Amino acid sequence: MKKQRVRITFSKTEAMRFTGHLDLILTWERTFRRAALPLSYSEGFNPRPIMNLAAPLPLGFISSAEIGDFWLSDEFTPDQVRSSLDKSLPPGLIVHDVQEILQLHGGKLPSLVERSDYMITLPNDYPGLQEKIDLLLQSSQCIRTRKRKEYDLRPLIHDIVLVSPDDGSPPSLRVSLLILPIGTGRPDEVLSTLDIPPHETIICRTAIILKAGEEK
Amino acid sequence: MEFTQLNQKLAKVLPTVEMPGRYTGGELNQIIKDWQKVDVRTVLLFPEIYDLGMSNLGLMILYDIINQEPNYLAERSFIPWVDMEAALRSENIPLYSLESKHPLSDFDILAVSLPYESLYTNFLNALDLAQIPIYAKDRTKDHPLVIVGGHSTFNPEPIAPFIDAAVIGEGEEIILEILETYARSQPGSSKLDKLNHLKEIEGLYIPAFYEPVYNADGTFSKLKKTVAEAPDQILKRIVGKLPPPPKKPIVPYIDTVHNRAPLEIMRGCTRGCRFCHAGIVTRPVRERPVEEILETMDTLIPNTGYSEIGLLSLSSSDYTQIVDLVESINKRFAGQNIAISLPSLRIESVSVSLMDALSGKRRSGFTLAPEAATERLRNIINKPISDQQLLDTAKEIYQHGWHTIKLYFMIGHPTETLADVEAIANLSKRVLQVGIQTIGNRAKVNASVGTFVPKPHTPFQWVGVTPQDEITEKLDLLQRELRGRGLKLNWNDPRETHFESWLSRGDRKLAEVIYKAWQSGAKFDAWREHFDFTLWQEAFAEAGLDPEFYSTRVRAEDEVFPWDHINPGVKKSFLLEDYQWSQEGKTRADCRGDCFSCGILPAYNDLRHQNPGTLWLCPEVSRGK
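First to last, the protein sequences are chains X and W. 683 is the number that the numbering used here gives to position 204 of the first sequence; each next residue is one higher, with no gaps. 39 is the number that the numbering used here gives to position 16 of the second sequence; each next residue is one higher, with no gaps.
These aren't lab readings, by the way, just hints derived from the structure by calculation. You may find that some hints are simply not true.
[To be verified] BS3-like cross-link-like pairs, simulated, lysine-lysine; straight-line CA separation at most 27 Å:
#1 X:Lys482 / W:Lys594
#2 X:Lys626 / W:Lys35
#3 X:Lys611 / W:Lys247
#4 W:Lys594 / W:Lys247
#5 X:Lys566 / W:Lys56
Predicted model, so just to flag it, every value in this text is computed and none were measured.
With the hints as extra help, turn the sequences into a complete structure.
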């Protein structure tokens, strides 16, 4: 029985870097049970907890800005939810914000996501990287193959910025990627296009941007 | 290797392998202690991949018990999958513990869980990956002591040259005795010195103190002691009362085979199926009180958040208070979306009402294990149920909402004929027919057919395993007969059966075969895609041994076995009598009604006396010996 919908913003950190999407859902279910916050469950022989994570985070990425909607079978204040969860979180999850969503039904998170921003820490300088980025941003298409299917990465790229600190510490990329009906922009695909092996970097999602005016 | 260096290398490797979450540790409820502040450091190795090993109850119990002691620490290690193994080898990263990422060679004790024989090559591979010498004789005080335990160590001889000691029986008490003894030994004392102290511990077998002697025909003659004070017999260790179960087990971050909280409700089984190794080695039956189970669940659930609790035992429906337990759980945890699983239910209607009461989640199928398809054969293996009982139970299962019944059978039982095998197909069809009459064409039957492997310390330890060509003939028959709409058949590769049978009843000569097979690449032998029969045949040939000597050979009733010095508490004479009874088709009733003097009570008279009452299902005894 759905009584309340809460939207949680959270980090998925190093300790859970290699936990995939389905296992993350399981981890949340267990976290709510440890917190004695009753999730709503679906009907039928195999009841599942009702929750929606905005966008799956690929294995090996970390995030400081994941968003999930959770339906509870009882009512609590956002502060109560927050403090109960804080006591029950496993290593690798940090809650930043809990909001009540007044609209109990509809407006599922995955359909609201417009864009994801990532910060990618590079292990070292890559000569000619800025030129490659410029070239990519100026091009009108960038055909790549993923899972044996060809697709155009270019329309999925919103922006790429190379940040090279003056103090000599390793550079990073700020990559902003769109989620469109034709596909979802993946930062590892951008890295490969720029000739940077993705597994040498640390990819952190820093924001999930929802379509304006539909957040509540 | 420096800790940071290992971590840096890992950081590079992990993103390149499949399921890296197997290799990181750091899960909820993991325990990391200060390495410098403890006296003895143990790493618990389960020589399979994380996904399987994390579901092993024994490992979790020992982890819990050792880490409760302030002076000891226990960490975990598992076998890397082939891609990670290649990465570890190419980066020269030694096998490490998940908690502190110390190489296994930094620990004082390497405790290895060996519940089944197909882990032996993985065990050797783990030593090699840890850069620890594989043969015990090549290890010194600078290496961890390698101590194994688990059901397969009831015949430790095939792996004797690789181990420093084997725990025979239940580990809960002996593990602390081992650690205490180790802690008391002089720092820097020799390995022999340590082993000399350890040999005082009851239930610990130290192979270096014995040498096997063989007869001219290759059979085993005796075990000669090389150290006079070594015990003649190693009586298995048992606990008088089941110790408190782990209340805060580690919760994995990735999917595992049994992704649930385990809770043991009973140890042992009184049924006496003659093929069953566990049924002998886990005797006597000891139950956990209902109240303790409920109280444990009260803390287990908030500590883990698990939505499923597996109530573990060899035969759930034989737990005396099972109905009461299930009702109490239902009442106590109503509305919390907690599912309970009860493995191993007997073929009787009470099983159906039990599963019904648990409802919550309805699984794909209801499993029944008649093991043999004719009443004659079921009498021989001492699993006496009638066909009618099976069909009646099946009908109830279909009536209560299950669409699929899984039937477990074995072929290769003693005296089995092709007619007995054909009966498997017929009985499966009759069960399906009952299903169709009850729920129509949705009804399904999945028959799983394994091949019987005679195990040491069982009434069938004298029996030969069925020759491969006969197994193939029987499986062919089943593939022809057991087909049609609604029927499915699974079976084991006969070669895997034979492999298991060599190791089960092997002697110390087999160690060379295991070593050679591992050297030429054998590992993950329990995985169909990795098991390589040819490697093993070649290893036998190189060692000059005949595999059939260990597998198909029928043993003489007076044969001395290489495992006779391991005493499971059940007398060999009792096993022999039961073997003889089987040949007459004579069954033995559940021993909770009548004691048949298997030997357990005289062996553990004092323990029984100290634990009076109904939690043991053996009769009470008068004052100890």
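For each hint, the structure was consulted:
{"no.": "1", "hint": "X:Lys482 / W:Lys594", "in the structure": "violated (63 Å)"}
{"no.": "2", "hint": "X:Lys626 / W:Lys35", "in the structure": "holds (24 Å)"}
{"no.": "3", "hint": "X:Lys611 / W:Lys247", "in the structure": "violated (75 Å)"}
{"no.": "4", "hint": "W:Lys594 / W:Lys247", "in the structure": "holds (21 Å)"}
{"no.": "5", "hint": "X:Lys566 / W:Lys56", "in the structure": "holds (22 Å)"}
The structure is inconsistent with the numbered hints 1, 3, although it conforms to all the rest.
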